[in-house]
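K.L.:
Chain residues, written in single-letter form:
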Amino acid sequence: MWAYILRRILATIPVMLVVALFVFSLLYIAPGDPAAVIAGDQASPADVERIRESLGLDRPYLVRFGEWIGQILQGNLGTSIFTNLPVSHMIMQRVEPTLSLMVVTLILSLVVAVPMGVLAAARQGTNTDRAVMAFAVLGFSVPVFVVAYLLAYVFALELEWLPVQGYTPLSEGLWPWFENLILPSIALGTVYIALIARITRATMLEVLSQDYIRTARAKGVGQRAILFVHALKNAAVPIVTVVGIGIALLIGGAVVTESVFAIPGLGRLTVDAILRRDYPVIQGVVLLFSFVYVLVNLVVDLLYTLFDPRIRY
Amino acid sequence: MHRRSFLQSGVAVAASGTLAAPALAQRAAANTLRFVPQANLANFDPIWGTQFVVRNASMLVWDTLYGIDDTFTPRRQMVESEEVSSDGLTWTFRLREGLRWHDNEPVRAADCVASLERWMVRDGMGQMIRALKQELVAVDDRSFRLVLSAPFPKLLLALGKNNTPVAFMMPERMARTDPFQQITEYVGSGPMRFNRDEWVPGARATWTRFDGYVPREEAPNWLSGGKRIGVERVEWIIQPDPATAAAALQSGEVDWWETPLTDLIPVLRRNRNIRIDIADPLGNVGCLRFNHLHPPFNDPRARQAVAWVVNQPDFMRAVVGGDDALWRQMSSFFTPGTPNYTEAGSEIASAPRDAARARQLLRESGYNGEPVTMLVAQDLAVLSAMGQVANAALTQIGLNIDFVATDWGTVGARRASREPRANGGWNIFFTWFAGADCTNPSSYLGLRAHGTNAWFGWPDDPAIEAGRLKWFDATTPAEELAACEEINRAAMISQPFTPTGFYQAYQAWRSNVSGVTPGPLPWFWGVTKS
Amino acid sequence: MSASALPPGLPPGLVIPPGLAIAQPQPDVIPDVKPRTGLGGFIWRYPTIALGGVLLGLMLAMALLAPFLWTVDPAALAPAQRLRDPSAQNWFGTDMLGRDIYSRVVYGAQVSLLVGFAVALFASGIGLLIGLFSGFSRLADAVIMRVMDGLMSIPPILLAIALMALTRGSVGNVILAITVAEIPRVSRLVRGVVLSLREQPYVEAAIASGTPTWKIILKHILPNTLAPLTVQASYICAAAMITEAILSFIGAGTPPTIPSWGNIMAEGRALWQVFPQIVLFPAVFLSITVLAVNLLGDGLRDRLDPRLARRI
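Residue numbers (numbering that gives the first Met the number 0), protein chains in the order written: chain A, 0 to 312; chain B, 0 to 529; chain C, 0 to 311.
It is worth saying that the hints were derived from the structure and are not from the lab.
Errors might be hidden in some of the hints.
As the list claims (entries may be wrong) - Short derived list, chain C residues pointing at chain B, Cβ under 8 Å:
hint, residue
1, 76
2, 145
3, 164
4, 271
As the list claims (entries may be wrong) - Across the chosen pairs, the derived CB separations fall in these ranges:
hint, chain 1, residue 1, chain 2, residue 2, range
5, A, 106, C, 50, 27 to 35 Å
6, B, 216, C, 85, 54 to 62 Å
7, C, 225, A, 10, 26 to 34 Å
8, C, 63, A, 304, 48 to 56 Å
9, B, 194, A, 13, 39 to 47 Å
10, A, 55, C, 85, 52 to 60 Å
11, C, 63, B, 194, 53 to 61 Å
12, A, 210, C, 200, 50 to 58 Å
13, B, 297, C, 63, 53 to 61 Å
14, C, 191, A, 298, 17 to 25 Å
15, C, 38, A, 168, 27 to 35 Å
16, C, 68, A, 159, 40 to 48 Å
As the list claims (entries may be wrong) - Which chain A residues stay away from chain C? Per the calculated CB distances, all over 10 Å, these:
hint, residue
17, 55
18, 111
19, 219
20, 224
21, 300
Just so it is clear, CB atoms sit at the ideal spot from N, CA and C, and this is done for glycine as well.
Given these sequences and hints, build the entire structure.
P.N.:
Set out below in structure tokens:
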């Protein structure tokens, strides 16, 4: 098992290298110029050129790539062109909001979606089932920002139950923190809930037709115990897989959600950085996202053993 | 009891331990002014980066030797007195007593000398002073001397102007930074300290009142007078989404919004707790900029053709929305409502729009239907709107527009290219100038016309440049106006750019905030919150 | 036993040997199988395909017939009559530049559908090629799959935004950016199918008997790949339409001179509180279209690949 984990972690290195090379090259050929953005509208062309030189943007591709990789190997993600702050510092500042949003969304999605899927499977063909399926298809079809604005309008502006925007760090109390995350995580979670509910329903249907479930029924095990103990445990592997795959979906949605609800997270950092051509920040954040994605999928793989003892590494 | 506070207390009790938090937060809120600025504070060196938002934030941290008042007259700020020799060549400045940096070191003359040296490299007027400079030295701890080779009548204006880069005073160790490199600490002698640890670029920046600041006795007036800060703390909350910012102001989550969208003003007005006023009386000047190096706009007739179909009301309504009080036709290159405003020679801007004449001029210029590359930044609503209106107008006179929808980062880079359009160059881009920069030629980059040294677009018109030099030598308002009339007449013919109109914007704040006044930038002195 | 007891319909003159009983005909307990044929039957059996198909068909018709649906020039500016509420003249009202929102929404169908279909087509086409190639060449497989893993670990929306920053906003570039972001998933899917098929005895036999690879692909692999690929393509189509809207929302999508549902919403979002219709109309149309494609995808999956249907 440990050997497997080590192998998997080592296997992420080439993946990360590909990401690094890809992102760096992409930005290298990108036409935008951070120097021009920094200098502002009132700068003379000569000033822009001087700034470009001072940022080292006039040096050749390989020199810059080599330097960057060298830095990363020393655990240094570089310095933002705009803020002159270390990229790692900027990322650390933004991790908490994004992580909070993701975790709350994830928990909310699981808490809502799994029972929904189980219920739909248990009552296959009924109106409950149809309602769940209809929600699942709809959840995929409405753009996240439309859901976000609707929620903000109804619950924050009209009813005034929840704040419109912003983020309060967890250190300032559990409720202030949570209060700000309710609407964003519902907005972000809609797609995710739809996805997980569908998967849960489908796998549950398959599991419920298995022999051991029939045996359990015959032995007189209660319906609830069958659904949530026997069946759900066996349906866990596909569900966990989808949760893992969905992390990429969640990160993408976070970009939009953070912008609507003014959450100072990584998603907004990335979009800002792309629009301003803050190369070191874009590179750092994308590397981080890939790393998280790879890591989450490793964890998912390891969770398999937990749910399905037949799987061994 | 409000629904939300009910929910809040319920859960707070449940979560126990956080019981005291809301009360604490409320007390802090009264002393904290939460402000939504026009843009993200992405860097914080007002000499290195010259975006307006950086300048505005810097006004809190760094002080200036002089500051203009609402008549554009430079008033003493850090300076206690100045002396000028009768030939106008030797200036001696004496600093006020008791000025301190935020690290409690005294402000010395040597700091100011170093700060001026750094600023002169980057500022347009600074460069002119630098060219004339014989000597700039500290005489003692509180005085320094500037010796020029020729008189420069606009010296105090240069030191006190609000146009970027502003001549901010920094400690010598910071001011020695290469002007093309960013400073790494943010120590000033202004009324507030910058909380570097709390700065989250793209989200938040905060300042705490500096108790060691000694304001002047005079009442505050723009950048002059006593800069008394009425709150403990100023928080800038960066909010890129106007819909969300409006909602936050309505619910009281923020106190002051610098640039509310005009179309949202009616909603904000409906809220009894929100006050609204013009933000900057000097407003903005919309700009359709030509590339003078390449066809078709290397021919003045092609540029005039465009000017003949630029219908400012169309542009302005697209930019500011339905409120006609917010914009004005400007048949001029100078800011309406300021002393140098002139309509000399401006028939091309003020006469009824004439597409037939435009087509005629275009034909005469030899335009043969080649594509015209128009760069339009989509991430700035004002520019996107101007681009779309221009696209419709120019297509109508037969220009073959290649509409390049992109972001400001790309426009900023691509406009620097002097290549023809086929090799990655451009023909037209859009921007706006702060009305404050267009009141006179001193900081008016868009109106420079010294060929390849000029601002992007590189217009070449000796008549404009001659008028500009006349303005610098002018010593009376009448002479200044005469110089501006000469410039205006020349520019209407050569069209270094075509103004698309003059527009203003509102600012909005909660009624428990008082002391918000109109001006070319938001200042926080004199603002209190109850 | 009398002759009268004989069941009717026996050939005359048939002599029943003694001791042999003739069974009496029983009433038909299984009702007549009336096979539901034609349209009605199809709708009965595949309600999701039918519903999705009809909705999508309507949207397609709207896109194609846009000029004839009482629309005006969707790009015609009229700043003087901006931000009108819905009226007899402007059914959906006007936007910030005085353009007719109804016309923009109708014409917007063209862009959204074009983006959706083009991305689905290109992404599955290119993904198919890469997946096939990778599935048949061990050496290439290692390299290609590392690259795909890398691309896949970048969230598709971020990848698309970054690609858009590379170029100018145009429908073609939006299609390109979303396609690139979707390719890794398709090639993974195809490769998976190829690898599992290669282990099937009949394919192994074909390989052993020296059948050329292209023939194996054509005869055994492609037909089996088509079903999951079609289903996948429908989901990509739906995702692409949403991504286009998000790209426009961020300001990195279709240029504003071309109406797309995404950029109508993007331009109207700041005024969401005051003129919700600017966002709502395109949002409803976009949601219906995405819904239609998703329903169609679900239906196709149930029909083409029952095994997959049970898995997902």
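K.L.:
If a hint holds in the structure, say so; if it does not, say that too.
P.N.:
Outcome of the hint check:
1. 76: Interface hint status for residue 76/C: holds (5 Å vs cutoff 8 Å).
2. 145: Check failed: Cβ of residue 145/C comes no nearer than 31 Å to chain B, outside 8 Å.
3. 164: 7 Å, holds
4. 271: Hint on residue 271/C: holds, closest Cβ of chain B at ~5 Å, below 8 Å.
5. 106/A to 50/C: 27 to 35 Å: Between residue 106/A and residue 50/C, where Cβ atoms are some 34 Å apart, the hint holds.
6. 216/B to 85/C: 54 to 62 Å: 59 Å, holds
7. 225/C to 10/A: 26 to 34 Å: Check passed, 32 Å falls within 26 to 34 Å.
8. 63/C to 304/A: 48 to 56 Å: Holds, since residue 63/C and residue 304/A (Cβ atoms, about 54 Å apart) stay within the stated range.
9. 194/B to 13/A: 39 to 47 Å: 43 Å, holds
10. 55/A to 85/C: 52 to 60 Å: Distance hint for residue 55/A, residue 85/C holds at roughly 55 Å.
11. 63/C to 194/B: 53 to 61 Å: Since residue 63/C and residue 194/B have Cβ atoms about 59 Å apart, the given range 53 to 61 Å holds.
12. 210/A to 200/C: 50 to 58 Å: 28 Å, violated
13. 297/B to 63/C: 53 to 61 Å: 44 Å, violated
14. 191/C to 298/A: 17 to 25 Å: Between residue 191/C and residue 298/A, where Cβ atoms are some 22 Å apart, the hint holds.
15. 38/C to 168/A: 27 to 35 Å: 60 Å, violated
16. 68/C to 159/A: 40 to 48 Å: 41 Å, holds
17. 55: Check passes; 20 Å lies beyond 10 Å.
18. 111: 19 Å, holds
19. 219: 28 Å, holds
20. 224: 24 Å, holds
21. 300: 14 Å, holds
Violated hints, in rising order: 2, 12, 13, 15; the structure is consistent with all others.
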